[in-house]
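Undergrad: One-letter residues, chain by chain:
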Amino acid sequence: MEEKYSQKIVIRYTAEIVDQPIVCRLARDYDLDFNILHARVLPKREGVLALDLTGTKKNFDRGIRYLKESGLRVEPLSKSVTRNLDRCVHCGACLAFCSTGALSIDPSTMQVMFDSDRCSGCSICVKACPARAMEINFL
Amino acid sequence: MNTHAVSKTYQEINRKIKEGKAVVVTAEEIIDIVEKKGEVEAARTVDVVTTGTFGLMCSSGAFLNFGHTSPKIKATRVWLNNVPAYGGIAAVDCYIGATAVVEDDPLNSIHPGEFNYGGGHVIEDLVAGNMIKLRVEGYGTDCYPARKYEKSVTIHDLRDAILFNPRNAYQNYNCAVNMSDRTIYTYMGVLRPMMANANYSTSGQLSPLLNDPYFLTIGIGTRIFLGGAQGYIAWQGTQHNWNVERGQNGVPREGAGTIAAIGNLKEMSPQWLVGASVLGYGVSLYVGIGVPIPVLNEEIVRFTAVKDDDIYAQIYDYGVDYPNGAAKSVGEASYKELRSGKIKLNGKKIDTAPMSSYYKAREIAYILKEWIERGDFLLSEPHQLIPSGKIGN
Ligand code: SF4
Ligand code: SF4
Chain A
1 MEEKYSQKIV IRYTAEIVDQ PIVCRLARDY DLDFNILHAR VLPKREGVLA
51 LDLTGTKKNF DRGIRYLKES GLRVEPLSKS VTRNLDRCVH CGACLAFCST
101 GALSIDPSTM QVMFDSDRCS GCSICVKACP ARAMEINFL
Chain B
1 MNTHAVSKTY QEINRKIKEG KAVVVTAEEI IDIVEKKGEV EAARTVDVVT
51 TGTFGLMCSS GAFLNFGHTS PKIKATRVWL NNVPAYGGIA AVDCYIGATA
101 VVEDDPLNSI HPGEFNYGGG HVIEDLVAGN MIKLRVEGYG TDCYPARKYE
151 KSVTIHDLRD AILFNPRNAY QNYNCAVNMS DRTIYTYMGV LRPMMANANY
201 STSGQLSPLL NDPYFLTIGI GTRIFLGGAQ GYIAWQGTQH NWNVERGQNG
251 VPREGAGTIA AIGNLKEMSP QWLVGASVLG YGVSLYVGIG VPIPVLNEEI
301 VRFTAVKDDD IYAQIYDYGV DYPNGAAKSV GEASYKELRS GKIKLNGKKI
351 DTAPMSSYYK AREIAYILKE WIERGDFLLS EPHQLIPSGK IGN
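Just so you know, the sequences run in chain order A and B. So for the first sequence, the working numbering puts the first residue at 1; every next one is plus one. So for the second sequence, the working numbering puts the first residue at 1; every next one is plus one.
Please note: incorrect hints may appear among the correct ones.
Said to hold, decoys possible - Label pairs and their calculated CB-CB ranges:
1) D86/A <-> E103/B: 27 to 33 Å
2) D86/A <-> N116/B: 15 to 21 Å
3) N116/B <-> S108/A: 32 to 38 Å
As the list claims (entries may be wrong) - Simulated pairs of lysine to aspartate or glutamate, DMTMM-like, Cα-Cα distance not exceeding 25 Å:
4) K36/B <-> D310/B
5) K127/A <-> D105/B
6) K349/B <-> D106/A
7) K307/B <-> D117/A
8) K342/B <-> E2/A
It should be emphasised that the hints constitute simulated quantities derived from the structure, not laboratory data. None of the values given here were measured: they were computed from a predicted structure. All C-beta atoms, glycine included, are put in the ideal place defined by N, C-alpha and C.
Please put together the full structure from these sequences, using the hints given.
TA: Okay, here's the thing in structure tokens:
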């Protein structure tokens, strides 16, 4: 059996293609399991959909290609994870949650640093940050 | 008998502060000074050492008086943004506690609960000047006939708003690990199973009460930095305990002394009082506190020169022992090790993470230093010292 691959992605619709049944095709044609994390899709308007997709890596890649060929903007959820520096108190409580090292402490300043390139978009920090400084912006 | 080589009084130090001549350093800076110059010379040169801590302090809250209404009401039940406050005091007084949770919060029914809003957030919203919905119920008396009252208010509309925290600034605290086989969500943060991580919470060498481990200068009436304003130490904090095991340097090896702090909430800032939502645990409040330590003699300066290498935290298992009330230390680690990001326990390397902000603690020590240097902050001699053990015991 091929190993399961899983990634969280954000799909952005434009007004022209908002009516296409894309999630349904991802499941049927590419055998991908999905979990809807966030959806804001208005009829005849643009929208955004965040999905947790699981399947074989090959099918995942084909599914993503299909989405892009349909004219949708697709990016990993991690691109939407941001830190609100005004709210961050540099307590470090998030370090225990973040498994990728995207959140780390700079030992010289003792400031907590956020490196979005290392972020996997797992979103655990969003609920785990006591000051609610970690945010997902789907805009 | 005074056998110190250097001996200064509060009055002398305050005179220097007023003249702009006082030498003020932070609890980090004093370490090198004492190392290079020695205690006596350091005590001669330096007048004040500033400390700081910024962390979750659940035992915090504020007394609010919202002024008489017309018709008058004797409030028995009070809500602020739908968070219950304690109304069992005089007619229009109440106490909003940091850990009170908003009504209808699902709590931990979907575990771990998110605890998005509560008393800590009300306090932050108040100091930020945000509008708060006040809702009051009374049972009606001849002198206070009204039974219901509702109004949107800001902190400026309140007659009085006094931050009064019964227990803050713990002198040392546990380091938490989880020896069970499931992830747990605690006030010490998330703890992954099989000791996968360890969380600790104090600012170590910068922490107020670790720099005066025997309360030689800290007492009732000591003026402090509290939530961004000048506040005072009101009393020893609840659970204050001085009868603890100490290292050679006099520093408690476990949770020990505490202070109760008081100040005018109207003067404070949301930068130093921040509402907190602790996953699976509840609501709390980050509080920023800084205490100035007057260098009255070389013994006091020696205590302020304590460094992370020489401060130890006891490690406790929050998986089984702690919740069962049978906590026993499973090891200890110095704050130097804890702050390095890894400790060793039972032959295993464990990632560590702080729960309190060293960055903000340092900022507080600097702000307090600046206030004193500018002459905006004078030291106050305590009216009574806080009970403590004897040096050398
Ligand atoms: S837990 Fe939140 S406030 Fe604390 S350091 Fe991480 S992002 Fe900042
Ligand atoms: S989303 Fe996940 S990987 Fe990214 S910073 Fe937060 S915890 Fe780390």
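Undergrad: Work down the list of hints and note, for each, if the structure agrees.
TA: Hint check results:
1. In this structure the supplied range 27 to 33 Å holds for D86/A paired with E103/B, their Cβ-Cβ distance being about 28 Å.
2. The supplied range of 15 to 21 Å is met by D86/A and N116/B, whose beta-carbon atoms lie about 18 Å from each other.
3. A C-beta distance of roughly 34 Å is found between N116/B and S108/A, which places it inside the suggested range of 32 to 38 Å.
4. Between K36/B and D310/B the CA atoms are separated by roughly 18 Å; this keeps the pair inside 25 Å, and the hint holds.
5. Annotation: proposed proximity of K127/A to D105/B holds, straight-line Cα distance about 15 Å (limit 25 Å).
6. For the suggested pair K349/B and D106/A, the alpha carbons sit about 20 Å apart, so the restraint of at most 25 Å is met.
7. As the CA atoms of K307/B and D117/A are separated by approximately 36 Å, the hinted pair breaks the 25 Å bound.
8. Taken as a hint, the K342/B and E2/A pair is broken in the structure, with Cα atoms around 36 Å apart against an allowance of 25 Å.
In summary, the numbered hints that this structure violates are 7 and 8.
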